[in-house]
Every structure is written in C-alpha cells, then in structure tokens.
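Residue numbers (this note's numbering), protein chains in the order written: chain A, 16 to 172; chain B, 3 to 546; chain C, 67 to 108.
Where hints are given, some of them may not hold.
Claimed, not checked - Dumping the calculated DSS-like pairs for lysine-lysine here, alpha-carbon to alpha-carbon at most 27 Å:
(1) B:Lys166 to B:Lys86
(2) B:Lys4 to B:Lys242
(3) A:Lys27 to B:Lys503
(4) B:Lys319 to A:Lys23
Stated by the list, open to error - Label-pair restraints from in silico Cβ distances:
(5) A:Ile42 to C:Arg107: 17 to 23 Å
(6) A:His57 to C:Val94: 34 to 40 Å
(7) C:Ala102 to B:Phe282: 25 to 31 Å
(8) C:Arg107 to B:Val195: 36 to 42 Å
(9) C:Arg107 to B:Thr321: 36 to 42 Å
(10) B:Leu114 to A:Ala68: 56 to 62 Å
(11) B:Glu499 to C:Ala102: 33 to 39 Å
The hints are simulated quantities; they were obtained by calculation from the structure and are not laboratory data.
Where a beta carbon is used, it is the ideal one built from N, C-alpha and C, also for glycine.
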Amino acid sequence: MHLHRLEKIWLKFGISMLAVFLIVLGIMAFSMGMKPPSEHHHTVDPTKVAEMAPFDNPGLNQIGKNHYEAVMTAYAFGFEPAEPMQVPVGSKVDFIVTTSDVVHGFAIVGTNVNMMIVPGEISHISHTFDKPGEYLILCNEYCGTGHEYMATTIVVQ
Amino acid sequence: MKSFDRSDSKLVLAHILFAFAALLIGGVAGLLQSMVKSGSIELPANIGYYELLTAHGVLMALIFTTYFIVGFLYSGVSHTLGGKLLPASRKFGWAGYMLMSLGTVMGVIVILLGKASVLYTFYAPMKASPWFYIALALVVVGSWLSGFGIFYQYVRWKRGNKGKLSPLFAYMSVVTMLLWQICTIGVAIEVVVQLIPWSFGWVDTVNVVLSRTLFWYFGHPLVYFWLLPAYICWYVVIPKVIGGKIFSDSLARLSFMLFLLFSIPVGFHHQLMEPGISPFWKYLQVVLTFMVIIPSLMTAFSMFATFELYGRSKGAKGTFGWVKKLPWKDVRFFAPFMGMLIFIPAGAGGIINASNQMNAVVHNTLWVTGHFHITVATSVALTFFGILYWLIPAITGRVLTPRMNKLGIIQTITWCVGMFFMSGAMHIVGLLGSPRRTAYNSYNDHPDAVLWMPYHVAMAIGGTILFIGVILIICNIVGLLRAPRGETEYPIGEVSEASEKTPAFLERWGVWIGIAVALILFAYTIPLIDMIRDTVPSPGYVTW
Amino acid sequence: MSKPDENKEEPALKGTFASVMLLGAFIVVTWIGVFALFMARN
C-alpha cells in the first residue's frame with residue numbers, strides 16, 4: 016500500500032521511539048533486576064494464612080547486614096504487624112505479603128513499592144530505604160467500606 | 003435528499019436517550035464523590051461512597067458508552083447500507099435494547115440497595131449479590147444481539163453488491179462489533195461460569211487470578227470499543243462536516259484491522275503489579291500493547307492531513323495556515339476536534355501506563371483516574387456530544403439552529419475547562435501517590451496525605467464544572483429534539499481523488515479474524531494453563 | 067507496470083508532518099519525565 020513520503024518518515028520515527036522504550040524497559044527488567052513485583056510464583060492457602068509460615072509470625076527479621084525481611088498480612092482493613100516496623104537508614108527490605116481475605120493493594124508513598132496482594136498468592140518486592148522518614152504504607156485497591164482507613168507506616172531512621 | 007427511515011430513527015433515538023439518562027445519574031454520583039473527597043460534604047448514613055462509585059463506573063463506562071455506540075453505529079449502517087435497516091436487523095436491534103435495559107435496571111437497583119458495592123470491575127473474591135452478575139450478563143448478551151443486527155445487514159449488503167467495496171462507516175462498524183464480540187467472551191465466561199454459581203453458593207471457591215485475567219482480557223479491548231466509534235466520526239464524518247475529503251480509505255481500514263488484531267492480546271498491562279503472572283508474559287503483552295499504538299499514530303497523521311489538504315484547497319499557505327481555515331465556530335467540528343486534541347496527552351499517558359515496570363509509579367493512583375477521564379470521558383465523550391448536533395436533526399427531520407450551535411460550543415468549552423481542572427489535578431496528585439477508588443481520609447494527617455488535599459479540592463471544582471456540563475448537554479438534547487423541522491443530511495465523507503484504490507485483502511474477514519485469534523492464543527494460552535493449574539481458589543467475602 | 071499515481075505530485079503535508087512530530091515530542095518528553103521519576107524513587 017502506498018504511503019505518503021512524510022507519513023513513512025513519521026511512522027518510522029514513531030515505531031523507532033516505541034522500540035527504544037521497549038528495549039530500555041526490557042534491558043532494565045531482565046538484566047538489571049528491575050522487573051515488576053512478584054517475579055516468582057508462590058502460593059498459599061488463603062483460608063489458612065494465620066497458621067502458615069511465615070505469616071503465622073508477621074514482622075521484621077534481619078537476614079543480613081542492612082538486609083531485612085518484612086513479612087506482612089493484609090486484611091480488611093489493616094496490616095499485620097499492627098505496630099509500625101522500624102529499620103535503619105540504608106537498609107534493604109524484602110516485603111513478603113499476602114492477604115487473608117480480599118484483594119488489597121500495598122503501596123509505599125514516595126517509592127516504587129506498589130503491588131497487588133491477591134488471595135492464594137504471595138507478593139514480594141524489595142526496596143532500599145536511602146532516606147530517613149516515616150513512610151506511609153496504604154492499601155490502594157478497593158477492598159470494602161473501610162478501605163480508606165487501611166494503612167500503616169514504616170519508620171526509617 | 004432521502005430522509006432517515008422513521009422506524010430506524012426510533013431505534014437510534016431510544017439508544018441515545020437511554021445513554022444520556024445514564025450519563026445524568028452517573029454524573030450526580032460523580033459530583034457527590036468529588037465533594038466527599040474534597041472534604042466538602044459527608045454522605046448521609048444510608049448512602050455509601052463505594053455504592054455511588056459502583057453506580058458511577060457502571061453507568062458511565064458500561065451503559066452510557068455501549069448504548070450511544072450501538073445507536074450511532076445502527077444509524078450509520080442504516081444510512082450507508084441501503085438507506086434502511088432490514089426487518090431482521092431492526093428486530094435484533096430492539097431485542098438487544100430490551101435485554102440490555104432489563105439488565106441495566108436490575109443492576110442499578112441491586113447496586114443502590116447496597117448489595118453490589120464491588121465497583122464496575124467487580125473483583126473477586128468480593129462477592130456481590132448473584133442478581134448483580136445476572137444483570138451484567140443480560141447487558142452483555144443483549145449487546146451481542148445488537149451486534150448480530152449489524153453483522154446481518156452487512157452480510158446481506160455484501161451479497162447484493164458482489165465485488166463492491168463496502169461503505170467505510172459500515173466496514174468500521176463491523177470491525178467494532180467484531181472486536182466487542184470476541185472480547186466479551188472473556189467477561190462472559192468469568193461471570194457465567196465462575197461468579198454466578200459461586201455467588202449463589204453452588205460452589206464454595208473462585209480462582210481469583212483467573213477471574214481477574216478473564217476480566218482484563220475484556221477490559222482492555224473495552225476501551226477500543228469506546229474509541230473506535232469516535233474514530234469512525236473522525237475518519238468518516240468530520241471530513242464531510244468541514245467540507246473536505248477523506249485522506250485515505252485504505253489506511254483508514256488498515257488502522258481498524260490493526261486495532262482488531264492488537265487490542266485484545268494485551269490485558270496483562272492492567273495486571274503488571276500482580277502476582278501469579280510471570281515477568282516474561284507481562285513483558286510480551288507489553289510489546290503487543292505497543293503495537294496497538296501504531297494505528298493511532300496513523301490516525302493522527304490522517305486527521306492532520308485531512309485538515310491541511312482542506313485548508314490548502316481554500317488557499318491557505320505556509321506550514322500552519324490551514325489551521326485558520328477550519329470551521330472553529332461549528333460545534334459539529336469543534337467538539338470532536340477538542341476530543342482529538344485531548345487525545346494527545348491521553349494517549350501519552352496510556353503509553354506510560356503500559357510501560358512494564360514503570361507502571362509502579364502510577365498503578366492504582368489517581369493518575370489512572372485522570373487518564374481515563376481524558377480518554378473515554380473527554381476524547382470519546384466530546385466526540386459523541388459533537389455527533390448529536392447533526393445526528394438528532396438528521397434522524398428526526400429537524401435542523402441545527404445557530405442558537406443550538408452556540409449552546410453546543412458553550413457546553414464543549416465548559417466540559418474542557420472542568421476536565422482540565424479535574425483531570426489535571428488527578429494526574430499530578432496521582433504522581434504524588436494519592437490512591438484511586440478511595441473515600442475521604444487524611445491518613446492521620448500524614449504529611450504526604452496532607453499534601454494531596456488541595457488537589458482533591460481542585461478535583462471537586464473541576465467535577466462541579468463538569469456536572470454543569472452534564473446538565474448543559476441534557477438541555478441541548480432537549481433543544482435539539484424541539485428544533486425547527488427541516489432536512490439535515492447525514493454527513494458521510496467522500497474519499498479524496500489522490501487516495502489509492504483500496505485493496506481487497508482488507509475485507510478478507512476470515513484471514514484477519516484468524517490472525518486475531520492466533521495472537522490471543524499465543525499471548526494467553528500458557529499463562530492461563532499456569533493459572534488454572536497452580537492457583538489456590540478463595541472463598542467469597544462481603545466487606546461492605 | 068507503472069502506477070498512475072507515480073506521475074502525480076504528492077500533496078504538500080508539511081503542516082501535518084510538523085503537527086505529528088510535535089505530538090511525538092510530547093510523548094517522548096512525558097515518557098522520559100515519568101521514567102526519571104521511576105529511577106529517582108528506585
């Protein structure tokens with residue numbers, strides 16, 4: 016089919032632009048460790064969350080120098096552990112989260128930590144907290160009448 | 003000039019009026035939502051924010067859109083494929099209307115009774131009343147009947163006009179309803195096979211990851227179901243309205259075929275932040291998503307080319323002289339043009355949303371809400387509003403008066419101003435982290451949340467202006483229905499002489515549908531097998 | 067076989083080209099903006 020000379024140039028530019036975006040995203044995801052959350056598939060029985068490790072003991076565990084694991088459970092309408100966790104500045108935290116009821120969101124405002132928590136599934140994401148502060152963790156997926164109250168914090172000092 | 007068939011006119015008008023009744027009720031809900039979020043009002047105890055939000059989403063995104071689209075498509079199919087609908091087509095049209103309306107009324111009642119505060123995406127394992135899911139199923143099956151009427155008229159025309167190229171409006175209508183038919187299969191399976199039995203209690207659990215995947219298999223092409231009718235207006239009607247010609251018939255048809263191919267195997271870009279889908283398949287569907295941007299890049303070129311060639315034919319010189327020649331004071335051009343213009347930031351936002359890991363910046367924030375308010379609620383809606391100013395006169399034997407035209411321009415500007423404040427604020431506050439689908443809360447006056455408040459106020463100001471815009475369009479419809487009698491031509495563009503002959507392969511439906519199905523199987527088979535095999539199902543919950 | 071439109075001049079579409087390139091620039095700038103935000107928050 017015949018294309019006007021200028022349309023050919025426009026489409027070449029447009030397709031190249033999209034290809035560059037995809038290449039950048041692909042390289043960052045697959046060789047620089049910046050994939051979307053929950054890369055590995057782990058399941059859990061959603062009706063037995065409170066009895067199954069590690070969710071039978073939600074909270075912070077230190078697993079290395081400046082490296083922590085934060086095991087959390089989302090429920091309508093809060094997060095376990097109820098008390099905000101505290102980590103030192105510069106720590107890398109691996110968040111391991113599931114839900115004991117409906118789908119929830121897990122977002123730490125001001126960071127790229129933003130993932131869905133789906134019953135039967137374990138979600139995971141890691142973040143290094145370079146700046147001190149009290150970070151707001153909120154549910155950003157509608158989960159019922161108390162959705163707007165569903166939040167906690169994590170303190171970095 | 004032959005006037006529009008009277009029986010067909012009733013069918014089209016029924017769809018338009020139902021659509022705008024839905025817009026009005028949905029608009030009231032939207033206004034109340036914006037006022038709650040800005041802290042201006044508290045709802046009385048018996049009305050829930052999330053009930054209103056469910057009604058708003060269903061009425062605006064499913065009912066207003068589908069009814070207007072079916073009505074508009076039937077009008078063009080009637081006009082271009084023989085001047086009137088065949089009896090069977092009209093019967094399909096009415097059967098679809100009845101079934102959809104039964105479903106809509108049932109659904110709205112169940113929602114307002116508080117038994118389905120699950121939002122228009124109704125994510126499991128939140129469990130609504132089975133009558134909500136039945137209502138949705140009725141709307142979807144009704145829309146299938148509506149599609150059959152269009153297919154039937156097209157097939158009969160092709161038989162009676164062997165070897166002839168089908169009229170562009172009808173061709174594009176068939177692509178639109180074909181897209182709808184293929185993509186609604188996903189949500190129909192979710193609702194009928196998974197959710198209704200579970201909601202009635204006949205099965206105890208539901209596979210949540212699978213249900214979400216079936217929904218988004220439908221949910222992305224849904225937005226192209228909204229967009230393609232607007233593109234029909236831009237490609238076929240606008241050239242006639244301005245007095246120009248269609249830039250290229252074959253490129254217009256090719257763009258629609260590319261939409262058929264690439265709008266469906268891409269649902270994962272709405273699920274990028276979820277567990278249960280591998281990074282490989284997420285990225286693959288992101289690549290397919292980027293393919294669907296190409297027909298929109300083609301459309302942008304075609305639109306500007308149509309305008310420039312028209313302007314130059316009227317003596318315009320220089321790179322942008324043609325801009326001044328366009329009929330800015332004609333609402334039948336101005337409203338759809340504003341839709342086109344706003345599609346630039348709308349599409350740019352969409353590319354960002356689909357960008358794999360970058361989605362983390364915007365997922366479930368008000369940025370997403372800002373995005374879909376400029377796509378469907380502006381680009382598409384303003385185009386639909388602009389269509390009314392010739393469609394209602396054409397089908398009712400009336401004329402557009404200068405006064406109605408002026409009121410149309412005012413309504414269009416009102417809408418743009420309101421949306422600028424509301425969606426502009428939503429985009430910014432979304433980047434700052436403010437969550438979507440969330441009622442009023444200050445999060446214990448956390449400093450991040452306090453920062454969001456002024457934007458929520460700006461959203462309420464925009465929302466109020468938009469509500470005025472809703473009232474204005476309703477008034478304008480009343481005005482058009484009472485306009486003086488006369489003849490209004492149904493504007494169908496002619497193709498420019500410079501456009502090449504359209505190749506026949508663009509109408510080899512079997513080939514194109516085959517490729518579309520192959521792409522869907524490629525993008526979904528393995529992930530679906532994993533989901534069915536490896537997930538643990540969940541019981542239902544009523545959390546409202 | 068020569069096509070009839072090889073002999074016709076292509077219509078002047080400078081303004082169209084300028085307009086779509088502006089649109090392209092808008093897409094690039096906004097995408098880079100959000101990309102930068104993503105990298106800054108990482």
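Do the hints match the structure? See the list:
1. Under the criterion of a C-alpha separation no larger than 27 Å, the hint pairing Lys166 of chain B with Lys86 of chain B is consistent with the structure, at around 19 Å.
2. For a cut-off of 27 Å, the pair hint linking Lys4 of chain B to Lys242 of chain B stands: about 17 Å separates their Cα positions.
3. A C-alpha spacing of about 24 Å is found between Lys27 of chain A and Lys503 of chain B, which places the hinted pair at or below 27 Å, so the restraint holds.
4. Straight-line distance between C-alpha atoms of Lys319 of chain B and Lys23 of chain A comes to about 23 Å, which keeps the hinted pair within the 27 Å bound.
5. At about 19 Å, the beta-carbon gap between Ile42 of chain A and Arg107 of chain C stays in the expected band of 17 to 23 Å.
6. Remark: the range hint 34 to 40 Å for His57 of chain A to Val94 of chain C is upheld by a beta-carbon distance near 38 Å.
7. Hint check: Ala102 of chain C to Phe282 of chain B, Cβ distance near 26 Å, so the stated range 25 to 31 Å holds.
8. Remark: the range hint 36 to 42 Å for Arg107 of chain C to Val195 of chain B is upheld by a beta-carbon distance near 41 Å.
9. Between Arg107 of chain C and Thr321 of chain B the beta carbons are some 40 Å apart, a value that agrees with the proposed interval 36 to 42 Å.
10. Leu114 of chain B and Ala68 of chain A have their C-beta atoms about 44 Å apart, which leaves the hinted 56 to 62 Å range violated.
11. The beta-carbon spacing between Glu499 of chain B and Ala102 of chain C, approximately 48 Å, falls outside the hinted interval of 33 to 39 Å.
Of the hints listed earlier, those the structure fails to meet are numbers 10, 11, in rising order.
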